[in-house]
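**Q** This is what each chain is made of:
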Amino acid sequence: NAGVMQNPRHLVRRRGQEARLRCSPMKGHSHVYWYRQLPEEGLKFMVYLQKENIIDESGMPKERFSAEFPKEGPSILRIQQVVRGDSAAYFCASSPQTLNYGYTFGSGTRLTVV
Amino acid sequence: ILNVEQSPQSLHVQEGDSTNFTCSFPSSNFYALHWYRWETAKSPEALFVMTLNGDEKKKGRISATLNTKEGYSYLYIKGSQPEDSATYLCALYGNKLVFGAGTILRVKS
Numbered sequence: 729n730a731g732v733m734q735n736p737r738h739l740v741r742r743r744g745q746e747a748r749l750r751c752s753p754m755k756g757h758s759h760v761y762w763y764r765q766l767p768e769e770g771l772k773f774m775v776y777l778q779k780e781n782i783i784d785e786s787g788m789p790k791e792r793f794s795a796e797f798p799k800e801g802p803s804i805l806r807i808q809q810v811v812r813g814d815s816a817a818y819f820c821a822s823s824p825q826t827l828n829y830g831y832t833f834g835s836g837t838r839l840t841v842v
Numbered sequence: 007i008l009n010v011e012q013s014p015q016s017l018h019v020q021e022g023d024s025t026n027f028t029c030s031f032p033s034s035n036f037y038a039l040h041w042y043r044w045e046t047a048k049s050p051e052a053l054f055v056m057t058l059n060g061d062e063k064k065k066g067r068i069s070a071t072l073n074t075k076e077g078y079s080y081l082y083i084k085g086s087q088p089e090d091s092a093t094y095l096c097a098l099y100g101n102k103l104v105f106g107a108g109t110i111l112r113v114k115s
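First to last, the protein sequences are chains A and B.
Take 729 as the starting number for the first sequence in the numbering used here and just add one per residue.
Take 7 as the starting number for the second sequence in the numbering used here and just add one per residue.
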């Protein structure tokens, strides 16, 4: 069981480019969550998805950020026209159901905007 | 909005010491409380999920309690070892998991 797989591990983008972060949940998990860790800060919730549905996107910035979890393939967090302030570690987690199970986290993608 | 406070912010102990830290919350309007261990350069790892007032969980030398009436959870580590050095995160699940800032534990050998 490979756990939650995130790629790439490190991503460097110039200001104005697009960043695409991928997350494959653990086998058997249908719930996917994205969190962001800004420098010197804790984990901040961004979005919660199930297959083909966004359940809660209350933590997503209103512009430039989007997320999807298609029927086939990994979940994608997409950041358009990146700015320096987007530099952070982005973590994906998955769970089999929401209430009594801890989340399984991926290793994260470190995004650096230059 | 769920509010999660963790204390202390950091803690340095000697190998063999027992230690505990606190997660406090002003409102008990949540379904579950989670504890995670986050080692440097790794990803957070779930330790416990507690849902009921009075819940106690144990895994090896680590245990946790939950008191929803008084608004706190304690995490205990008995006989700390250097490999216990990590950030310990508390999180509340309402309709999403909201994390506290964590307690950084350093165990000196």
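I should point out that these hints are in silico values taken from the structure, not numbers from a laboratory.
Mixed in with the good hints, there may be bad ones.
Stated by the list, open to error - Straight-line distance between alpha carbons at most 20 Å, and here's what the computed EDC-like set of lysine to aspartate or glutamate pairs gives: (1) B:102 - A:780; (2) B:63 - B:90; (3) A:772 - B:23; (4) A:772 - B:89; (5) A:799 - A:785; (6) B:114 - B:90; (7) A:755 - A:780; (8) B:114 - B:76; (9) A:755 - B:51; (10) B:75 - B:45; (11) B:48 - B:89; (12) B:48 - A:769; (13) A:772 - B:11; (14) B:65 - B:11; (15) B:65 - B:90; (16) B:102 - A:769; (17) B:63 - B:76; (18) B:65 - B:45; (19) A:790 - A:746; (20) B:84 - B:23; (21) B:75 - A:791; (22) B:102 - B:23; (23) B:48 - A:768; (24) A:772 - A:791; (25) A:779 - A:796; (26) B:102 - A:785; (27) B:102 - A:746; (28) B:84 - B:45; (29) B:48 - B:11.
**Q** All the hints need checking, so say for each whether the structure fits it.
**A** Results for each hint:
Simply put, residue 102 (chain B) and residue 780 (chain A) have alpha-carbon atoms about 18 Å apart, close enough for the 20 Å limit, and the pair holds. Between residue 63 (chain B) and residue 90 (chain B) the CA atoms are separated by roughly 17 Å; this keeps the pair inside 20 Å, and the hint holds. Taken as a hint, the residue 772 (chain A) and residue 23 (chain B) pair is broken in the structure, with Cα atoms around 32 Å apart against an allowance of 20 Å. The straight-line distance between the Cα atoms of residue 772 (chain A) and residue 89 (chain B) is roughly 26 Å, outside the 20 Å bound, and the hint therefore fails.
Restraint check for residue 799 (chain A) and residue 785 (chain A): the C-alpha separation of about 19 Å stays at or below 20 Å, so the hint holds. For the given pair, residue 114 (chain B) sits about 10 Å from residue 90 (chain B) by alpha-carbon distance, which is consistent with the 20 Å threshold. Only pairs whose Cα atoms come within 20 Å are accepted, and residue 755 (chain A) paired with residue 780 (chain A) is accepted, the gap being roughly 17 Å. Proximity of residue 114 (chain B) to residue 76 (chain B) is assessed by CA-CA distance (about 33 Å); at most 20 Å being required, the pair is judged violated.
Under the criterion of a C-alpha separation no larger than 20 Å, the hint pairing residue 755 (chain A) with residue 51 (chain B) is consistent with the structure, at around 17 Å. For the suggested pair residue 75 (chain B) and residue 45 (chain B), the alpha carbons sit about 31 Å apart, so the restraint of at most 20 Å is broken. Restraint check: the Cα-Cα separation between residue 48 (chain B) and residue 89 (chain B) comes to about 13 Å, which is no more than 20 Å; the hinted pair holds. Using a Cα cut-off of 20 Å, the hinted pair residue 48 (chain B) and residue 769 (chain A) holds, with the two alpha carbons roughly 16 Å apart.
Using a Cα cut-off of 20 Å, the hinted pair residue 772 (chain A) and residue 11 (chain B) holds, with the two alpha carbons roughly 14 Å apart. Simply put, residue 65 (chain B) and residue 11 (chain B) have alpha-carbon atoms about 23 Å apart, too far for the 20 Å limit, and the pair is violated. Our distance criterion of 20 Å between C-alpha atoms is met by residue 65 (chain B) and residue 90 (chain B), whose separation comes to about 13 Å. Proposed proximity of residue 102 (chain B) and residue 769 (chain A) is supported: the alpha carbons are some 19 Å apart, at most 20 Å.
About 18 Å separates the Cα atoms of residue 63 (chain B) and residue 76 (chain B), which keeps this hinted pair within 20 Å; it holds. Proposed proximity of residue 65 (chain B) and residue 45 (chain B) is supported: the alpha carbons are some 17 Å apart, at most 20 Å. Distance hint between residue 790 (chain A) and residue 746 (chain A) is fulfilled; the C-alpha atoms sit about 16 Å from each other, no more than 20 Å. Between residue 84 (chain B) and residue 23 (chain B) the CA atoms are separated by roughly 7 Å; this keeps the pair inside 20 Å, and the hint holds.
The straight-line distance between the Cα atoms of residue 75 (chain B) and residue 791 (chain A) is roughly 40 Å, outside the 20 Å bound, and the hint therefore fails. Among the hinted pairs, residue 102 (chain B) with residue 23 (chain B) is inconsistent with the structure: their alpha-carbon atoms are about 35 Å apart, more than 20 Å. With a C-alpha separation of about 16 Å, the suggested pair residue 48 (chain B) and residue 768 (chain A) falls inside the 20 Å cut-off, and the hint holds. Between residue 772 (chain A) and residue 791 (chain A), the direct Cα distance comes to roughly 17 Å. Compliance with the 20 Å bound is thereby established for this hinted pair.
With a C-alpha separation of about 8 Å, the suggested pairing of residue 779 (chain A) with residue 796 (chain A) holds against the 20 Å cut-off. Restraint check for residue 102 (chain B) and residue 785 (chain A): the C-alpha separation of about 10 Å stays at or below 20 Å, so the hint holds. Pair hint residue 102 (chain B) plus residue 746 (chain A) does not hold up; C-alpha atoms about 27 Å apart against a cutoff of 20 Å. At most 20 Å may separate the alpha-carbon atoms for a hinted pair to count; residue 84 (chain B) and residue 45 (chain B) meet this at roughly 18 Å.
Annotation: proposed proximity of residue 48 (chain B) to residue 11 (chain B) is violated, straight-line Cα distance about 23 Å (limit 20 Å).
Hint compliance for this structure: hints 3, 4, 8, 10, 14, 21, 22, 27, 29 are broken, all remaining hints hold.
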